[in-house]
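Protein chains in written order, with my numbering: chain A, 1 to 323; chain B, 1 to 323; chain C, 1 to 332; chain D, 1 to 332.
Hints should not be assumed to be uniformly reliable.
As the list claims (entries may be wrong) - Restricting the straight-line Cα-Cα distance to at most 25 Å, the calculated cross-link-like pairs of lysine-lysine (PhoX-like) are: (1) B:Lys50 with C:Lys147; (2) C:Lys239 with B:Lys50; (3) D:Lys239 with A:Lys50; (4) D:Lys147 with A:Lys50; (5) A:Lys249 with B:Lys316; (6) D:Lys175 with A:Lys50; (7) B:Lys198 with B:Lys316; (8) B:Lys249 with A:Lys316; (9) B:Lys250 with B:Lys192.
Unchecked claim - Facing chain C, according to a computed beta carbon distance under 7 Å, are these residues of chain B, among others: (10) Ala65; (11) Gly68; (12) Met72; (13) Leu74; (14) Asp91; (15) Tyr102; (16) Arg103; (17) Ala107; (18) Pro138; (19) Gly139; (20) Asn162.
Everything labelled a hint here was simulated from the structure, so no lab data went into it.
Even for Gly, the Cβ is constructed at its ideal location relative to N, Cα and C.
Letter by letter, the chains look like this.
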Amino acid sequence: MSTTYLEAIRQGLWEEMERDPNVFLIGEDIGVYGGAFKVTDGFYEHFGEKRVVDTPISEAAIVGAAIGASYMGLRPVAEMQFADFITCAFDQIVNFAAKSRYRWGAAVPIVVRAPSGGGIHGGPFHSQNPEMWFVRTPGLKVVAPATAYDAKGLIKSAIRDNDPVLFFEHKGLYRRIKEDLPAGEYTVPIGKAKVVRKGGHLSIVTYGAMVWTALEAADQLAGEGISAEVVDLRTLLPLDRETVCASVKKTSKVLILHEDTRTGGMAGELAASISESVFEYLDAPIVRVTAPDTPVPYSPPLEDAFLPNTAKVVEKARWLYRY
Amino acid sequence: MSTTYLEAIRQGLWEEMERDPNVFLIGEDIGVYGGAFKVTDGFYEHFGEKRVVDTPISEAAIVGAAIGASYMGLRPVAEMQFADFITCAFDQIVNFAAKSRYRWGAAVPIVVRAPSGGGIHGGPFHSQNPEMWFVRTPGLKVVAPATAYDAKGLIKSAIRDNDPVLFFEHKGLYRRIKEDLPAGEYTVPIGKAKVVRKGGHLSIVTYGAMVWTALEAADQLAGEGISAEVVDLRTLLPLDRETVCASVKKTSKVLILHEDTRTGGMAGELAASISESVFEYLDAPIVRVTAPDTPVPYSPPLEDAFLPNTAKVVEKARWLYRY
Amino acid sequence: MSATQAVPTGRREEAALAHKCLYYMSLMREMEDRIERKLYRQGKIVGGVYVGRGQEAISTGAALQADPGDVLFPTHRDMAAYLIRGVPAGRILAQYMGRADGVTHGRDANMHMGDLQLNVVAIISALAATVPVAAGAALALKYLGRKNVAMCWFGEGSTSVGHWHEGMNFASVQKLPVVWICNNNQYAYSTPMSLQMACANVADRGPAYNTPAEIIDGNDVLAVHQATGRALEYVRAGKGPYLLECKTFRMTGHSAHDAAHYVPPELFEEWGKLDPIARLEARMTAEGWAERNEIDAIQAAVRKEVDEAVAFAEASPYPDPATLTDGVYGDQ
Amino acid sequence: MSATQAVPTGRREEAALAHKCLYYMSLMREMEDRIERKLYRQGKIVGGVYVGRGQEAISTGAALQADPGDVLFPTHRDMAAYLIRGVPAGRILAQYMGRADGVTHGRDANMHMGDLQLNVVAIISALAATVPVAAGAALALKYLGRKNVAMCWFGEGSTSVGHWHEGMNFASVQKLPVVWICNNNQYAYSTPMSLQMACANVADRGPAYNTPAEIIDGNDVLAVHQATGRALEYVRAGKGPYLLECKTFRMTGHSAHDAAHYVPPELFEEWGKLDPIARLEARMTAEGWAERNEIDAIQAAVRKEVDEAVAFAEASPYPDPATLTDGVYGDQ
Ligand SMILES: Cc1ncc(C[n+]2csc(CCOP(=O)(O)OP(=O)(O)O)c2C)c(N)n1
Ligand SMILES: Cc1ncc(C[n+]2csc(CCOP(=O)(O)OP(=O)(O)O)c2C)c(N)n1
Ligand SMILES: [Mg+2]
Ligand SMILES: [Mg+2]
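Only chain A is shown next, with the shape it has when bound in the complex:
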């Protein structure tokens, strides 16, 4: 029975709540309503109001309360209704949660779930990819699954992790992708990238919804005799530099793809890492395919132009191949 990305997250949350009575959910409209995207639909009925805490509109209080509860031994999973509102909880995340263990040894085992990403015509405040505000903040972990399998396995790992984990769920994938999940319980380790398609001519390094774009591009490129390897980062912090560099070592050419805007994006960090560690293996410039440096526009033709897509990846990959 095929499981959607959304349902996979649901299952992961449900299983962890069944497993550990200290796991609880906190957020806006997650209880009776079941969450803006219905990820927690039915949780309130099953687990009760103690473990599914509906809050006022107070992102800072949601994350702050999660931190405080985690100090007392609980395992809070906070939901941002949209990832865009995480900016309202920013100080709590980057200053309170991220630095707690380093400063005074107090672990902050919280998860902040945040539906991010575009492609649903949500406009500038319901489409952002805020990951880089956090990838640059030591003490946090940042996860961005692309598949239903990984989404379930990573949410479970995130809940069990002893550090604050930001869990960016791509809302465009919620109901778009499906796969068969194993019957038994499993986790996916935080901090490990995955080669999701093997190839020899060039590497495409990406994460989140763009993994599907990369795979489509790789398919198309294969038809032209170009063999692209696709690396799905899965975790953005800590970054699995080894897997990325191993792929580049093999292919000698790399295209970095992300839905996020260009300047200060993940591609920068990857480019630095690659040109630091495997420079001698590089046979071509490091190429980026990203959104341009603008807010996410609302109107469909504008957003379509804004988002990276298969055609843009194929074009750049061809150029790279021929280089």
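Chain A is already provided as a structure; the job is to place chains B, C and D with the ligands on it using the hints.
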């Protein structure tokens, strides 16, 4: 008469307030007290409470009010008491100010001054370099002067700029550096880097307080027959990729230096830009010298180990030279 | 001598005001009905749709008191404020449809629109973020010696946001000329008042800022109009901010995709009887401010105006993707 | 039969409490005097120094009411809370001096310290950030069925911060077991109450959260102790949070490098007469709770304890730079 970095900023603010009655200051303890670092000492007495607005402890309201006032035609200069507290105004900056012009054509000509940087044993919350939270946010401009001359010229340009400018003043430089400033009025353009020392063997690209570290390192390297060019970015967004790439084209080797932590730091963006644009000119890996990925520790021996310094730069530069 | 002329002067003003109120409330209602029940279902609006059905009295009654130089900060449920400011209905519909003639030219969605020429400021999604911004606009009005004020709306749920508190506090300390207007529709998305705040009224928060706070019937447009008049008098006199809590009810789901199963049906029923448009119509005929046929004429005019606006919006092209990166900066 | 034995039981308890209060207030005073007036001037403390001189009654009176299982969230002016919790004086001084034996092992500065074993949580610099965190701790205590509460201090200036409002509101909606304690020392850095809030008292903000709020004399340690008792009774009964506003005065600059020229000298004079330690001493002798020589003995013991603590701290090594990157993550 030699002018400190702090005094240069003071002068720039003062001159702009004299020039344009719509320029005003807003922040905590900036009035009667003259600001935590005394940057606005004497302004309240001279310009009065209308133009020097002391606020409650409300960073979001400070920036929000600045935005609102700018919509009405004023030119607000907001002060964060320490750059670290800018996280409390995060939503206002990255969502309200940054996106306003793009969304609905409403310019937000505000300046947010933020004393940043370490080396004063301020600990994790009085030493941060928050620039990358903003460099990754389209619609903002981010400035980080290294010299008294640039500090004055850039604060004046920032005030005249029609977009939101984050002005990171390195608090470690406030009273440490001095220079003679021109008698007449001048500005320094936003968006232009500067080659502050010419050299042929390698480029050191940096900004803020690290410019002085780079120059010291270049001096020392010169003694060993290694000629290092030093590029001071001055503006971090929009980034002057041309000046950086031109230098790399010339030297073929580049060391990127910043006080900020490594992952997701400015060096990443620069590395991506360089390996994208001037890859063929590179004769060696792109090297980074940065702080490690930890919060800024308080104790002097820890902070000394944390901060990049001349010795670390020289060592890496030597390696690069020999490569 | 027509019926209207027979009315004494004071009554004539009341009648004229009632006509205006009815027109704008009805126009807002018709616009939103068309958006939510037609265009959205036809797939012509691809982003979110939030309407102010049942709450039209608040933006109408309040905005009609404002001078053109007063600066408005409406929420996603205050469309009448735009209409009163003179934003053309067609451009609002084009906005919803992501067209080039939309108020933001397709850059932003639905009620995220503003026009500084008309002194109306665009919200961002993050709730209550306009509260400190409105305080800043008020600061500027005072700074510049203008006699104008800022008028800022927010939902009761938005009062939980830290920015709300900071803006309310700052404005009160600085005695800024701003009228705060709470659309208390008793729900924030699915969250009822009881899970939003422990106090019974948003007005109970006035004393925290030493800001006078008045509770009014938000479904009575003339009551809102009058209360806003009192608030404006206080605020224009330089006494500082004033808070109006308008009790109302959200006669719809949170957005077009929310069926509001969590709202007890009795509440819809009860509040349905207090519909501000029906109430005003009844009052108008009862007071002799209008004949039934005059009211019908207003409604017909409104429908025609919206028909034309829809036609305008549908004829508007989509924005040119070539403009995608324009206007991030002023010196671009 | 000694003088103490002559005191009836109730009085004996009062006397014992007064002794304890005097000891902790004096210890805090002596620690901070040594830090600010000696170690800092000797250059042995390189970071910021903030003291609670004149405010010792608040952290002392309140923290002495707490059970060890109650979770404390003190501010930068509440050192007594740490001492009462059993954080050794020497480790606190080592903390200020950035030494390996400091509570945070040199990682963070001054009062930025905590110990979850002792149920005391470290502030971050951003003011009021602990308020929602304390609410979360209280939520967990309730969740886990513990009978304990959270006790969270903040300055009056911190009540302007959005996080304060969000935390207060959330705690009240959820009826969480938390006692809020405001150190209202009338200044926030250089900012007086009048520029911080338009209301006269922080307690005026209680109704915004339907949280009972009591104003007490923050320079009377026994009054603070009693009021905290009342608050705890209410809170432990599951009735929700309780707010205590303790009026006091900051008898010092904001930090060691601030001469507080902006404070009218009369205020220092006036409040100097209300010094909580001198007042308690006077009361103790007046009530017959202690002879002057017993009080002198307490003060001598305190000085000796601090002498030893200084020696401990000065003997403590600096942290090893090789540990710089340890402990950013748990699985490192
Ligand atoms: C900071 C923030 N958090 C969450 C949301 C998602 N959201 C949009 S509207 C809404 C409810 C708003 O309630 P209220 O302020 O009462 O206004 P109403 O919609 O009832 O008019 C929520 C939670 C948001 N827009 N901003
Ligand atoms: C969010 C934030 N803004 C600014 C500061 C700088 N700052 C440190 S203490 C202080 C004053 C605090 O006043 P109050 O809350 O009354 O506490 P007090 O120091 O008077 O005890 C300020 C402004 C800060 N620490 N955090
Ligand atoms: Mg509402
Ligand atoms: Mg204070």
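**Asked** Holds or violated: are the alpha carbons of B:Lys250 and B:Lys192 at most 25 Å from each other?
**Response** Roughly 18 Å between the alpha carbons, so the hint for B:Lys250 and B:Lys192 holds.
**Request:** Decide if the proposed pair is consistent with the structure: C:Lys239 and B:Lys50, CA atoms, cutoff 25 Å inclusive.
**Result:** holds (17 Å)
**Message:** Quick check on the hint: B:Leu74 CB to chain C CB, less than 7 Å?
**Reply:** At 5 Å from the nearest chain C Cβ, B:Leu74 passes the 7 Å test, so the hint holds.
**Message:** Run the distance test for A:Lys249 versus B:Lys316: straight-line Cα separation, threshold 25 Å.
**Reply:** holds (23 Å)
**Message:** Checking hints one by one. Is B:Pro138 an interface residue toward chain C, by the C-beta closer than 7 Å rule?
**Reply:** holds (5 Å)
**Request:** Using 7 Å as the Cβ threshold, decide whether B:Ala107 counts as touching chain C.
**Result:** holds (6 Å)
**Asked** Given B:Ala65 as an interface hint, is the shortest Cβ-Cβ distance to chain C below 7 Å?
**Response** holds (3 Å)
**Request:** Quickly compare the C-alpha distance for B:Lys249 and A:Lys316 to 25 Å and report which way the hint goes.
**Result:** Holds - the C-alpha atoms of A:Lys316 and B:Lys249 are around 23 Å apart, at most 25 Å.
**Asked** Against chain C, with CB atoms and a cut of 7 Å, does the hint on B:Arg103 hold up?
**Response** holds (5 Å)
**Item:** Hint status (Cβ of B:Met72 to nearest Cβ of chain C, threshold 7 Å)
**Value:** Holds: closest Cβ of chain C sits about 3 Å from B:Met72, inside 7 Å.
**Agreement of hint B:Gly68 with chain C interface, Cβ distance less than 7 Å** = holds (3 Å)
**Prompt:** Within 25 Å, alpha carbon to alpha carbon, are D:Lys147 and A:Lys50?
**Reply:** It holds: about 16 Å lies between the C-alpha atoms, which stays within 25 Å.
The structure fails none of the hints (numbered hints given earlier).
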